[in-house]
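Letter by letter, the sequence shown follows residues 1 to 156 in UniProt numbering.
Everything labelled a hint here was simulated from the structure, so no lab data went into it.
Fair warning: this is a prediction, and the values are worked out from it, not measured in the lab.
Any given hint might turn out to be false.
Keeping only pairs whose Cα atoms sit at most 25 angstroms apart, straight-line, the calculated DSS-like set for lysine-lysine is [to be verified]:
hint, residue 1, residue 2
1, Lys85, Lys154
2, Lys79, Lys105
3, Lys128, Lys85
4, Lys67, Lys33
5, Lys128, Lys153
6, Lys128, Lys28
7, Lys28, Lys105
8, Lys132, Lys153
9, Lys153, Lys67
10, Lys124, Lys154
11, Lys67, Lys11
12, Lys2, Lys67
13, Lys105, Lys33
14, Lys124, Lys85
15, Lys85, Lys105
16, Lys2, Lys105
17, Lys67, Lys39
18, Lys13, Lys105
19, Lys132, Lys154
20, Lys132, Lys105
21, Lys39, Lys85
22, Lys67, Lys132
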Amino acid sequence: MKPVLLVTARKNKENRCTIEILNRILIKDINAKVDEIIKNVFIVYSDLNPMEAFGLLYSASPSCVSKIYPINFLLYSTKEDEIIKNVVDYSRQIVSSTFYVDCFKRGVEVSCREIEIGIGLGLKGYAKVDFKHPDIIITVNVLPNFTTVSYLKKVK
1 MKPVLLVTAR
11 KNKENRCTIE
21 ILNRILIKDI
31 NAKVDEIIKN
41 VFIVYSDLNP
51 MEAFGLLYSA
61 SPSCVSKIYP
71 INFLLYSTKE
81 DEIIKNVVDY
91 SRQIVSSTFY
101 VDCFKRGVEV
111 SCREIEIGIG
121 LGLKGYAKVD
131 FKHPDIIITV
141 NVLPNFTTVS
151 YLKKVK
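Working from the sequences, and respecting the hints, build out all of it.
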């Protein structure tokens with residue numbers, strides 16, 4: 001099993017969130033598990049691919065869930081320069097037209113502004129930054145021991 005989703009819970013709803021998330025994922029993967037990494041932030045481990053797991057939760061989102069991010073890329077580092085380099089290298093295969101970068105620090109002190117600008121500059125010449133109508137949103141979630149990266153199409 002590998003980490004496939006990062007899920008954030010609404011305030012004061014984290015107690016029942018593990019069960020509600022599993023109720024959706026266990027439909028397709030009976031071996032799935034959910035760990036609360038820090039308060040209100042869960043990682044879903046499953047054999048499903050990230051987009052399939054995302055679809056299961058997104059289609060009937062549990063009431064406790066605030067945000068759902070598929071984990072397309074996992075990096076065992078929380079250093080800004082390593083995150084920027086690896087995300088830029090990986091993103092060059094995925095991003096081709098327009099994008100923007102969102103960064104969230106969750107329980108760790110990093111400069112999200114530096115990460116967002118660094119990725120934007122690193123992809124210069126491959127794709128264009130567009131805050132209003134991007135084709136892809138690159139979401140970087142920096143956690144205490146690792147960093148997750150999600151690539152989602154902008155829902156109009």
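Results of checking the hints against the structure:
A threshold of 25 angstroms between alpha carbons decides the hint, and for Lys85 with Lys154 the separation of about 24 angstroms falls inside it, so the pair holds. Of the supplied pair hints, the one linking Lys79 and Lys105 holds, its CA atoms being roughly 12 angstroms apart against a limit of 25 angstroms. Pair hint Lys128 plus Lys85 holds up; C-alpha atoms about 18 angstroms apart against a cutoff of 25 angstroms. Between Lys67 and Lys33 the CA atoms are separated by roughly 18 angstroms; this keeps the pair inside 25 angstroms, and the hint holds.
Distance check on the hinted pair: Lys128 and Lys153 sit about 15 angstroms apart at the alpha-carbon level, within 25 angstroms; holds. Distance restraint check for Lys128 and Lys28: the Cα-Cα separation of roughly 37 angstroms exceeds the 25 angstroms cut-off, and the hinted pair is therefore not satisfied. Our distance criterion of 25 angstroms between C-alpha atoms is broken by Lys28 and Lys105, whose separation comes to about 31 angstroms. The hinted pair formed by Lys132 and Lys153 meets the criterion: a straight-line CA distance of about 13 angstroms does not exceed 25 angstroms.
For the proposed pair Lys153 and Lys67, the alpha carbon gap of about 15 angstroms is at most 25 angstroms, so the pair holds. As the CA atoms of Lys124 and Lys154 are separated by approximately 20 angstroms, the hinted pair is consistent with the 25 angstroms bound. Between Lys67 and Lys11, the direct Cα distance comes to roughly 12 angstroms. Compliance with the 25 angstroms bound is thereby established for this hinted pair. As the CA atoms of Lys2 and Lys67 are separated by approximately 20 angstroms, the hinted pair is consistent with the 25 angstroms bound.
Note on Lys105 and Lys33: the hinted pairing holds, with a Cα-Cα distance of about 23 angstroms set against a maximum of 25 angstroms. Of the pairs offered as hints, the one joining Lys124 and Lys85 holds, with about 13 angstroms between alpha carbons and a cut-off of 25 angstroms not exceeded. With a CA separation close to 18 angstroms, the supplied pair Lys85 and Lys105 stays within the 25 angstroms bound. Taking the CA atoms of Lys2 and Lys105, the gap is near 22 angstroms; set against the 25 angstroms cutoff, the hint holds.
Of the supplied pair hints, the one linking Lys67 and Lys39 holds, its CA atoms being roughly 14 angstroms apart against a limit of 25 angstroms. Between the alpha carbons of Lys13 and Lys105 the distance comes to roughly 20 angstroms, so the proposed pair stays at or under 25 angstroms and holds. The straight-line distance between the Cα atoms of Lys132 and Lys154 is roughly 10 angstroms, inside the 25 angstroms bound, and the hint therefore holds. For the proposed pair Lys132 and Lys105, the alpha carbon gap of about 23 angstroms is at most 25 angstroms, so the pair holds.
Pair hint Lys39 plus Lys85 does not hold up; C-alpha atoms about 29 angstroms apart against a cutoff of 25 angstroms. About 20 angstroms separates the Cα atoms of Lys67 and Lys132, which keeps this hinted pair within 25 angstroms; it holds.
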